[in-house]
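6 protein chains.
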Amino acid sequence: MYELGVVYRNIERADSATADALAKLGSATVHEAMGRVGLLKPYMRPIYPGVPVSGTAVTVLLQPGDNWMMHVAAEQIRPGDIVVAAVTAECTDGYFGDLLATSFQSRGARALIIDAGVRDVKTLQEMNFPVWSRAISSKGTIKATLGSVNIPVVCAGMLVTPGDVIVADDDGVVCVPKAMAAKALEAATAREANEGAKREKLASGVLGLDMYKMREPLEKAGLRYID
Amino acid sequence: MYELGVVYRNIERADSATADALAKLGSATVHEAMGRVGLLKPYMRPIYPGVPVSGTAVTVLLQPGDNWMMHVAAEQIRPGDIVVAAVTAECTDGYFGDLLATSFQSRGARALIIDAGVRDVKTLQEMNFPVWSRAISSKGTIKATLGSVNIPVVCAGMLVTPGDVIVADDDGVVCVPKAMAAKALEAATAREANEGAKREKLASGVLGLDMYKMREPLEKAGLRYID
Amino acid sequence: MYELGVVYRNIERADSATADALAKLGSATVHEAMGRVGLLKPYMRPIYPGVPVSGTAVTVLLQPGDNWMMHVAAEQIRPGDIVVAAVTAECTDGYFGDLLATSFQSRGARALIIDAGVRDVKTLQEMNFPVWSRAISSKGTIKATLGSVNIPVVCAGMLVTPGDVIVADDDGVVCVPKAMAAKALEAATAREANEGAKREKLASGVLGLDMYKMREPLEKAGLRYID
Amino acid sequence: MYELGVVYRNIERADSATADALAKLGSATVHEAMGRVGLLKPYMRPIYPGVPVSGTAVTVLLQPGDNWMMHVAAEQIRPGDIVVAAVTAECTDGYFGDLLATSFQSRGARALIIDAGVRDVKTLQEMNFPVWSRAISSKGTIKATLGSVNIPVVCAGMLVTPGDVIVADDDGVVCVPKAMAAKALEAATAREANEGAKREKLASGVLGLDMYKMREPLEKAGLRYID
Amino acid sequence: MYELGVVYRNIERADSATADALAKLGSATVHEAMGRVGLLKPYMRPIYPGVPVSGTAVTVLLQPGDNWMMHVAAEQIRPGDIVVAAVTAECTDGYFGDLLATSFQSRGARALIIDAGVRDVKTLQEMNFPVWSRAISSKGTIKATLGSVNIPVVCAGMLVTPGDVIVADDDGVVCVPKAMAAKALEAATAREANEGAKREKLASGVLGLDMYKMREPLEKAGLRYID
Amino acid sequence: MYELGVVYRNIERADSATADALAKLGSATVHEAMGRVGLLKPYMRPIYPGVPVSGTAVTVLLQPGDNWMMHVAAEQIRPGDIVVAAVTAECTDGYFGDLLATSFQSRGARALIIDAGVRDVKTLQEMNFPVWSRAISSKGTIKATLGSVNIPVVCAGMLVTPGDVIVADDDGVVCVPKAMAAKALEAATAREANEGAKREKLASGVLGLDMYKMREPLEKAGLRYID
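Chains as they are written, first to last, in my numbering: chain A, 135 to 361; chain B, 135 to 361; chain C, 135 to 361; chain D, 135 to 361; chain E, 135 to 361; chain F, 135 to 361.
Please keep in mind that the hints were generated in silico from the structure rather than gathered at the bench. Heads up, some of the hints might be wrong.
Calculated pairs, BS3-like style, for lysine-lysine (alpha carbon to alpha carbon, straight line, at most 27 Å) [what the hints assert, rightly or not]:
1) D:K332 to B:K256
2) A:K256 to F:K354
3) E:K347 to E:K175
4) C:K175 to D:K277
5) D:K332 to C:K175
6) A:K312 to B:K312
7) B:K175 to E:K347
8) F:K317 to F:K158
9) C:K277 to E:K347
10) C:K312 to C:K158
11) C:K277 to A:K277
12) D:K335 to D:K347
13) E:K335 to A:K277
14) F:K175 to F:K312
15) E:K277 to F:K354
16) E:K317 to E:K158
17) A:K354 to F:K256
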């Protein structure tokens with residue numbers, strides 16, 4: 135439930151070194167490292183592929199078909215932030231285009247995560263400003279109704295609190311609460327470290343059945359092989 | 135982002151007289167009275183129509199295809215509660231049927247709000263146990279993985295904190311944070327009081343254009359009448 | 135493409151006797167009689183079943199999340215009309231509830247067809263005011279942006295011109311252009327007259343294969359029976 | 135993959151006593167009794183609620199927007215059959231209305247399961263002919279292209295072989311292969327027998343946690359209670 | 135509502151210089167310049183990105199699963215045209231592939247906008263023939279039922295009259311009625327001219343809040359800043 | 135209806151030369167050559183475009199949110215196989231990532247067709263391991279419940295029997311039953327041979343109307359040209 139018409143100026147951001155380091159681990163590994171939680175719904179897709187990012191969340195709550203608060207949010211961006219935008223109802227309108235992207239980028243924003251639509255996607259790619267959205271749409275918006283900036287929002291089914299870490303890549307978007315960021319980084323790094331050796335074994339033909347010692351539990355569960 | 139494997143036993147519930155009084159005002163009026171916020175997504179539909187309810191939320195976080203935590207939640211129900219169930223991924227399986235409903239009802243639960251599927255819907259109607267869900271499905275679930283009970287959850291796009299008031303009817307489901315419940319009741323009651331007179335006027339043929347004094351602002355906005 | 139900010143006051147309505155007579159023939163028969171055209175998309179569903187209606191269209195174009203023009207439309211309603219509401223973008227908000235229904239009904243409207251959401255559905259059924267919509271939602275709307283009244287609109291994929299006949303029942307909604315209404319009534323009546331005899335034959339066990347003389351064309355098309 | 139243009143006249147049907155007996159056990163219980171398989175996708179919904187049925191499958195494969203084969207199928211129906219209709223592409227057109235229902239009913243069909251649309255739903259309810267479908271639509275169909283009758287079809291994601299048992303109710307539709315029907319009946323009956331005692335216990339306030347002895351496995355899995 | 139079985143050979147096309155000039159302004163700018171109308175639904179996506187086009191509409195109305203009229207439409211194409219295809223029901227079949235594209239291209243068509251599916255997408259990209267569609271599907275179609283060519287059609291929710299200008303790019307598709315084309319070009323060009331200066335300002339760090347003078351209206355609307 | 139907990143080790147695969155040869159003909163041509171059947175639903179999309187493949191099917195049936203059987207399936211892969219994975223309920227979780235892909239690739243698998251989600255899509259592209267899926271999702275899975283390997287499965291609406299040929303490209307996925315593979319190759323090759331001449335004619339400006347001799351049947355069907 136949302137408080138409307140407010141802008142919180144002083145939010146506590148997760149440690150920036152931690153936030154920065156999570157990008158290269160990727161959304162899947164970070165999600166697993168946190169105990170398999172934190173993902174936004176999979177309908178959130180990158181408007182162009184190939185750009186993994188991480189950063190600290192500046193949140194914005196929008197009204198349907200109204201992007202007024204995006205301009206308010208721009209002022210609250212600091213270098214290293216990722217803007218996370220939620221809407222009070224389902225909407226696919228194009229809330230964001232190349233002008234807002236120019237403004238966000240000049241403030242130091244790394245990306246936009248928006249549970250709605252965006253436009254000017256070709257220019258956004260040329261500007262190298264990545265966006266994860268539920269839609270692409272030319273549909274314009276008005277500027278008439280207040281939402282809020284830097285309140286906790288639910289974006290694509292996930293609660294995002296201002297200052298949390300966002301990790302986004304071609305696989306999706308994950309939110310890491312700031313209190314868990316250091317631990318998540320550590321766990322994800324450990325998980326990642328492990329993967330090189332596993333990959334090598336699997337590439338050499340060793341089966342996961344053997345590497346993970348699954349044959350016995352599968353047999354216990356009743357698996358039968360038939361020739 | 136969710137804490138897994140925990141059950142909070144002592145939650146602070148909204149005042150029960152307030153919670154009880156909100157049902158008859160309805161989800162639309164309460165949502166308007168709070169400033170047009172608090173609604174779960176409209177894909178949440180009653181499995182049978184005609185039963186407005188309100189009560190205090192006991193929350194449960196479920197894993198996909200796994201209803202183990204529903205049994206854990208049953209023990210935390212007190213008379214006047216409404217169980218609000220979220221899932222860590224999109225799922226339409228039938229997590230809940232007549233046996234769980236019998237248990238919930240015997241504990242005093244008034245309804246279930248679940249962002250997944252339910253089954254035995256004919257029996258649930260005969261038992262007079264209302265459910266709002268995203269799906270109806272015979273698909274059964276397993277009992278293998280922990281979720282949590284009475285943590286804040288995101289259900290159908292809305293954050294629900296244990297003890298919040300839930301108001302549900304044929305129009306949808308709204309969550310009223312416990313800190314706002316008294317004020318929401320007051321505002322909704324005032325709004326409702328107003329409606330009788332308005333309805334009478336409109337029934338007599340008075341136009342909303344005149345009753346709400348819209349002709350001038352419409353003209354200012356540029357509306358043109360063409361004969 | 136839409137002209138915004140205009141209200142056409144004098145529209146030419148289809149002949150009212152014709153418009154009235156189409157209800158009892160039903161949307162499927164009328165659609166077939168016109169050569170299998172005219173249907174709105176099947177996501178348009180009655181909010182409660184069992185009420186076939188027909189009448190002349192008063193159209194309204196709405197902006198997303200904004201029901202201002204519904205009040206403007208109310209004044210243009212004459213007895214026997216059905217209001218047809220389109221939105222400039224996809225939206226499921228609850229544009230219409232019991233107050234507007236009271237106003238529409240007092241002006242003589244028979245139904246609402248809306249490519250968006252409505253609320254107060256229980257009261258609408260008690261008032262006996264039928265609605266076909268794409269959604270049911272408590273979500274409220276604002277009054278800030280102009281649309282139009284009585285311009286041609288596209289509602290759920292079908293072009294509806296003011297004054298056209300709308301036929302709606304549990305099977306869906308069909309639009310009959312006013313220029314075709316008399317011919318459609320005639321053709322639909324003929325079609326209907328035919329059906330009683332067919333139904334009797336089929337009920338007695340005669341097969342459609344024989345009644346429609348399909349055996350030869352099926353054989354020509356290559357159908358093979360295998361024992 | 136489908137054989138087109140063929141009608142198999144002599145299919146082996148499941149034992150009729152078994153097929154008849156499954157209706158009252160319901161789709162959810164039968165699905166569980168078979169090891170949690172056999173369900174059609176949950177988008178298949180009854181066009182009106184409250185009628186549990188079971189019977190032996192006569193299958194029909196349809197082309198998009200073409201209901202020719204429904205007439206061919208009618209001839210293959212025997213008393214106690216349920217017609218299961220699949221389409222070679224996704225389609226919501228209204229393939230079936232009151233005339234075909236009259237024909238099917240006169241041949242002894244108990245219901246239709248169709249992965250497409252139907253129309254005349256009000257009349258179908260008055261005739262007491264239940265249908266489970268993916269859509270309701272007035273849209274008519276043509277008779278131009280061959281499909282097949284009584285070949286194995288995939289309907290709403292489930293393989294249905296002619297003569298299999300179909301069990302359908304408000305919770306959904308399940309297919310029981312004829313070779314498994316007797317065993318499924320036995321297992322479902324046993325399951326059902328069990329439920330009365332469980333329901334009584336739960337109604338008296340015993341928790342599932344205790345009745346199913348879940349406390350220990352939950353503790354082992356790491357569940358923590360916090361006061 | 136559609137007239138079936140007709141081909142209009144002499145349509146009035148929008149001025150070709152105007153039609154050609156709109157491509158580089160883009161669908162979003164043109165839509166804004168017309169007063170925020172004219173867009174097809176955002177489910178219409180390019181089968182490959184990066185190709186902005188504009189041209190005059192040749193329209194075709196198709197029957198579900200039947201592409202016969204596409205061949206009829208081919209003959210009506212003139213250099214600079216864009217074919218706009220609607221279907222009388224929702225359908226995702228592959229109506230169009232490399233052979234039809236070869237024919238369309240040889241007639242001078244610049245693109246296809248189709249509210250259905252297409253196939254041979256890899257070859258279409260190699261041929262440099264852009265398509266905006268609702269689906270990609272290998273599913274073939276038949277040639278059995280008449281539709282029409284060059285009648286007004288509703289494509290993806292928007293009315294398109296033969297000869298209107300179509301503007302399509304990665305953001306979506308907009309229809310500009312021929313009577314408005316000159317004015318739309320002028321307004322869009324003015325809008326575009328404006329954007330360079332704005333972009334520069336925003337890039338230099340000036341906020342939209344200041345550039346658009348939003349601080350006062352936001353304050354009036356009640357926005358509160360909290361430190 | 136599925137047999138659970140079994141792995142068939144000795145499946146009969148379609149002839150490998152035939153299976154290999156179908157890739158370059160493409161899913162659309164092969165589907166047409168078989169009489170317009172065999173396609174999986176069009177929601178199955180390549181995670182990256184441009185890689186046509188064909189091979190013999192190893193099938194796996196998965197439980198919702200559980201990828202245990204993928205490891206069991208890995209052992210059954212032989213060079214030239216394509217793994218086809220179905221789930222017992224609708225699910226978009228990420229069942230498959232770079233580690234499993236490494237294992238599958240080292241066993242000789244050419245691709246994965248999965249009616250669920252996958253992750254690590256950027257790495258999968260770098261590895262040149264193509265996947266057709268219904269979703270992309272970071273969401274992890276558990277290993278708790280048995281499915282089966284090498285039983286007939288329904289994947290995206292199509293029955294796939296182990297050893298059948300799978301043909302997949304940017305247009306979609308088609309299943310060729312092994313008994314029909316040789317004939318399908320022959321028919322598709324003939325069809326393809328034909329296309330070059332047609333393409334040349336169409337490119338030179340000959341109309342399909344003339345090339346396919348459609349003018350007469352169109353006239354017979356009642357097509358009217360209006361000047």
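Tested hints:
1. Taking the CA atoms of K332 (chain D) and K256 (chain B), the gap is near 19 Å; set against the 27 Å cutoff, the hint holds.
2. Restraint check for K256 (chain A) and K354 (chain F): the C-alpha separation of about 48 Å exceeds 27 Å, so the hint is violated.
3. With a CA separation close to 32 Å, the supplied pair K347 (chain E) and K175 (chain E) exceeds the 27 Å bound.
4. Taking the CA atoms of K175 (chain C) and K277 (chain D), the gap is about 22 Å. The hint holds against a cut of 27 Å.
5. Between K332 (chain D) and K175 (chain C) the CA atoms are separated by roughly 46 Å; this puts the pair beyond 27 Å, and the hint is violated.
6. For the proposed pair K312 (chain A) and K312 (chain B), the alpha carbon gap of about 26 Å is at most 27 Å, so the pair holds.
7. About 35 Å separates the Cα atoms of K175 (chain B) and K347 (chain E), which puts this hinted pair outside 27 Å; it is violated.
8. A threshold of 27 Å between alpha carbons decides the hint, and for K317 (chain F) with K158 (chain F) the separation of about 16 Å falls inside it, so the pair holds.
9. Between K277 (chain C) and K347 (chain E) the CA atoms are separated by roughly 23 Å; this keeps the pair inside 27 Å, and the hint holds.
10. Of the pairs offered as hints, the one joining K312 (chain C) and K158 (chain C) holds, with about 18 Å between alpha carbons and a cut-off of 27 Å not exceeded.
11. Proximity of K277 (chain C) to K277 (chain A) is assessed by CA-CA distance (about 13 Å); at most 27 Å being required, the pair is judged to hold.
12. Taken as a hint, the K335 (chain D) and K347 (chain D) pair is honoured in the structure, with Cα atoms around 14 Å apart against an allowance of 27 Å.
13. Only pairs whose Cα atoms come within 27 Å are accepted, and K335 (chain E) paired with K277 (chain A) is accepted, the gap being roughly 20 Å.
14. At roughly 20 Å between alpha-carbon atoms, K175 (chain F) and K312 (chain F) fall within 27 Å of each other, so this suggested pair holds.
15. For the given pair, K277 (chain E) sits about 13 Å from K354 (chain F) by alpha-carbon distance, which is consistent with the 27 Å threshold.
16. Restraint check for K317 (chain E) and K158 (chain E): satisfied, since their Cα atoms lie roughly 16 Å apart, inside the 27 Å limit.
17. Among the hinted pairs, K354 (chain A) with K256 (chain F) is inconsistent with the structure: their alpha-carbon atoms are about 36 Å apart, more than 27 Å.
When each numbered hint is compared with the structure, violations occur for hints 2, 3, 5, 7 and 17.
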